[in-house]
Amino acid sequence: MLLPTVLLLGYFVYGLIAWSFNTSLTDRHTARKGPASYVGFANYGHLFGEDRFLNSLKNLGVLTVAFIVGTLIFGLIWALLLEKGVPGESIFRSIYLFPMAISMIASGVVWGWLLNPSQGEDARGLNRLFEILHLHFLENPWWTAGSRWTTMASIALPAVWQLSGYIMALFLAGFRGIPPELREAARVDGASEFKLYRHVLFPQLSPIALSALIILGHMSLKLFDLIYAITGPNQFRTEVPAVYMWNTLLRSDMAKSAAIAIVLLAVVAVLVIPYIAYTVRQENEE
Amino acid sequence: MRGGLSKTLALVGAAGLLAVSACGNSDNNSGGSGSSANKDVTVFTWWADGGEKAGLDGLVSTFATDCKDYKFVNSAVAGGAGSNAKQVLANDLQAGKPPSTFQAHAGAELKDYINAGQVDDISQLYKDFGLDKAFPQNLIDNLTVDGKIYSIPANVHRANMVWANPTVLKKANIDGTKAPASVDAWIADLTKLKAAGVAAPLAISKGFAQEMLVEAVLLAELGPDKFKGLWDGKTDWAGGDVTAALNKYKTLLTFTNSDREAIDWPDALGYVNTGKAGYTLMGDWVAAQQVSDKIADTAYTYWPSPGTEGDFQFLSDSFTLPTNGADPDGAKCWLKTVGSAEGQKAFNTKKGSIPARSDANPADYPKYQQSAMADWKSKTIVPSCAHGAACTLGQNNDILSAMSQFSGSPDVAKLQAAFGTAMKTS
Numbered sequence: 000m001l002l003p004t005v006l007l008l009g010y011f012v013y014g015l016i017a018w019s020f021n022t023s024l025t026d027r028h029t030a031r032k033g034p035a036s037y038v039g040f041a042n043y044g045h046l047f048g049e050d051r052f053l054n055s056l057k058n059l060g061v062l063t064v065a066f067i068v069g070t071l072i073f074g075l076i077w078a079l080l081l082e083k084g085v086p087g088e089s090i091f092r093s094i095y096l097f098p099m100a101i102s103m104i105a106s107g108v109v110w111g112w113l114l115n116p117s118q119g120e121d122a123r124g125l126n127r128l129f130e131i132l133h134l135h136f137l138e139n140p141w142w143t144a145g146s147r148w149t150t151m152a153s154i155a156l157p158a159v160w161q162l163s164g165y166i167m168a169l170f171l172a173g174f175r176g177i178p179p180e181l182r183e184a185a186r187v188d189g190a191s192e193f194k195l196y197r198h199v200l201f202p203q204l205s206p207i208a209l210s211a212l213i214i215l216g217h218m219s220l221k222l223f224d225l226i227y228a229i230t231g232p233n234q235f236r237t238e239v240p241a242v243y244m245w246n247t248l249l250r251s252d253m254a255k256s257a258a259i260a261i262v263l264l265a266v267v268a269v270l271v272i273p274y275i276a277y278t279v280r281q282e283n284e285e
Numbered sequence: 000m001r002g003g004l005s006k007t008l009a010l011v012g013a014a015g016l017l018a019v020s021a022c023g024n025s026d027n028n029s030g031g032s033g034s035s036a037n038k039d040v041t042v043f044t045w046w047a048d049g050g051e052k053a054g055l056d057g058l059v060s061t062f063a064t065d066c067k068d069y070k071f072v073n074s075a076v077a078g079g080a081g082s083n084a085k086q087v088l089a090n091d092l093q094a095g096k097p098p099s100t101f102q103a104h105a106g107a108e109l110k111d112y113i114n115a116g117q118v119d120d121i122s123q124l125y126k127d128f129g130l131d132k133a134f135p136q137n138l139i140d141n142l143t144v145d146g147k148i149y150s151i152p153a154n155v156h157r158a159n160m161v162w163a164n165p166t167v168l169k170k171a172n173i174d175g176t177k178a179p180a181s182v183d184a185w186i187a188d189l190t191k192l193k194a195a196g197v198a199a200p201l202a203i204s205k206g207f208a209q210e211m212l213v214e215a216v217l218l219a220e221l222g223p224d225k226f227k228g229l230w231d232g233k234t235d236w237a238g239g240d241v242t243a244a245l246n247k248y249k250t251l252l253t254f255t256n257s258d259r260e261a262i263d264w265p266d267a268l269g270y271v272n273t274g275k276a277g278y279t280l281m282g283d284w285v286a287a288q289q290v291s292d293k294i295a296d297t298a299y300t301y302w303p304s305p306g307t308e309g310d311f312q313f314l315s316d317s318f319t320l321p322t323n324g325a326d327p328d329g330a331k332c333w334l335k336t337v338g339s340a341e342g343q344k345a346f347n348t349k350k351g352s353i354p355a356r357s358d359a360n361p362a363d364y365p366k367y368q369q370s371a372m373a374d375w376k377s378k379t380i381v382p383s384c385a386h387g388a389a390c391t392l393g394q395n396n397d398i399l400s401a402m403s404q405f406s407g408s409p410d411v412a413k414l415q416a417a418f419g420t421a422m423k424t425s
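For the protein sequence lines, the chains are A and B, in the order given.
All residue numbers for the first sequence refer to numbering that gives the first Met the number 0, where the first residue is 0 and numbers rise by one.
All residue numbers for the second sequence refer to numbering that gives the first Met the number 0, where the first residue is 0 and numbers rise by one.
Worth flagging that the hints you see were computed from the coordinates, not collected in a lab.
Keep in mind that the hints are not guaranteed to be accurate.
[To be verified] Here are the computed lysine-lysine pairs in the DSSO-like style, where the Cα-Cα straight-line distance is at most 30 Å: (1) Lys194/A - Lys249/B; (2) Lys249/B - Lys57/A; (3) Lys57/A - Lys423/B; (4) Lys249/B - Lys32/A.
This structure is a prediction, so every number in the text was calculated from the model and none was measured.
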């Protein structure tokens, strides 16, 4: 039963990873066919000596932090609010979860409009909203100016909007999975509401928080469509390795784009492999 | 839990099988249409709507009468000013399944395909079709790579054009019908406009529009010969004259709209039409856009960008003969149509560009094109990097990245170095 899956994954995933890695070691810098010669890790050396690639890696780091922190905070807040039991809970749950149903490329197009950098009388998008509400201090140029942090946080904003509901659902399921006896016992022992959450409920959520972290982390590292839709393909300020890879592939620089892909895979692996090791160990213990 | 897991795996496996069979199907389909047994001519373009689609339709109807043995098969990929199409095309070429002929910007952009051995030398066709006499020598020189020509241009556009709103310019008593004599004079006018209350007198959009503006400034400041040299390696990018020109570009950027990284050229043109801005620099496809937007031709003026009066910065869409194409005879018939006087007329009157042939009759064309056709014959022809005549895709990509970096934090030395590095790669 497992054999076809193993074969398919073996070829289409691991086989192609090996192929990409192989390509990244060659000097195949054009679409020309025929034999290519091996240049060792020279392509990687060039990449890490390149302003543009290092910039994209830094952008990616900032994006990932902003995205994970933002999503976890909003997801947790919404989960806490709903966990207390509000009237019409299922409606709110759906409202918070809905953004996830929209494809990133579609929400990216709309957020591209919302994040229009014009301010003052010309303001459009979210800045227009702030203008109407007389919240002038909130108007800002979004991703088009300012530091790397403000730039990438603006890019993370749509992603946070889209994924917070999902994290809320994860946490909510976690809260519901905690036996009510634990809460009652804590209350009987005289724990305050804050202490109840801090010492009894949150520790029970840590496996879920870890899963959420991994899911968000690998999504953020591979993020392409949102950035492509909001800023276009050649925007230095917001370029991440996935977008840079697309750009190098467009110019048929096979070796370089393969090298970027492998670096990206390595970064994701740093995040995912410890998690897999951890879960496997947990399962074995059970 | 275990049962759930194996079920999931089974589903993933089934999905994988479906994907494989889907691939198989599409392979069969393209194999069928690409076989040499039938007489289909697959023409790959990014002309999918608007004036471009109308132009292609015009070309197709000429093809239908000229090449009765063959059937036109449209293989257009929409979106992204050709960037989506180029990705699809790269895949097809890589897989060894080229279309019968494909669209590419004439000039340096073809080098990628030439270096990859994906297009054939068609110098002989120029002689067979008499195109070596019909096209201006200056254009043929710009198309020739190491003594060989690889494509037939269907049209010509002019890149170094400024579109102005005379009503706005009147606020600062500037005559909108006359171009400032130089970039400095233009900056002086922009300063006056700003003082007269026009906050961002020069409208500009993201990406290639900024690249076009910097090219126009370089062309004005360096002159056509040194400008051409920038792209073929004869002019040093590190020179002091380049620094001076880039500093003027930096000054020009201070007169532009702050949302430049977020808008496209039709939006920037809209700023001029609605009176928010006085000028925008954009290629002459603006003329067709103004007609389709129903802007009265008294509401705007146009002239070559300041200091480039004597130069025609050209870009051109052309068609190629892919190596090992399915049906080269059909493709050659298409190329013959593209280069013919009737084909160029059918295409260009609808697309809003001018024919590459110098024997076309101006009376067949609208007002703007008539003046452009006269200029095409009399001015110095220089190539455009932003539109592939002077730069390869890779060089262009590096330059665009540097332009967007400059737009956020203007550092002339960095931009100058980036240009130099970009032009050293291929």
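Taking the hints in turn, this is what the structure says about them:
1. Lys194/A - Lys249/B: violated (58 Å)
2. Lys249/B - Lys57/A: Holds, at about 27 Å.
3. Lys57/A - Lys423/B: It holds: about 26 Å lies between the C-alpha atoms, which stays within 30 Å.
4. Lys249/B - Lys32/A: violated (43 Å)
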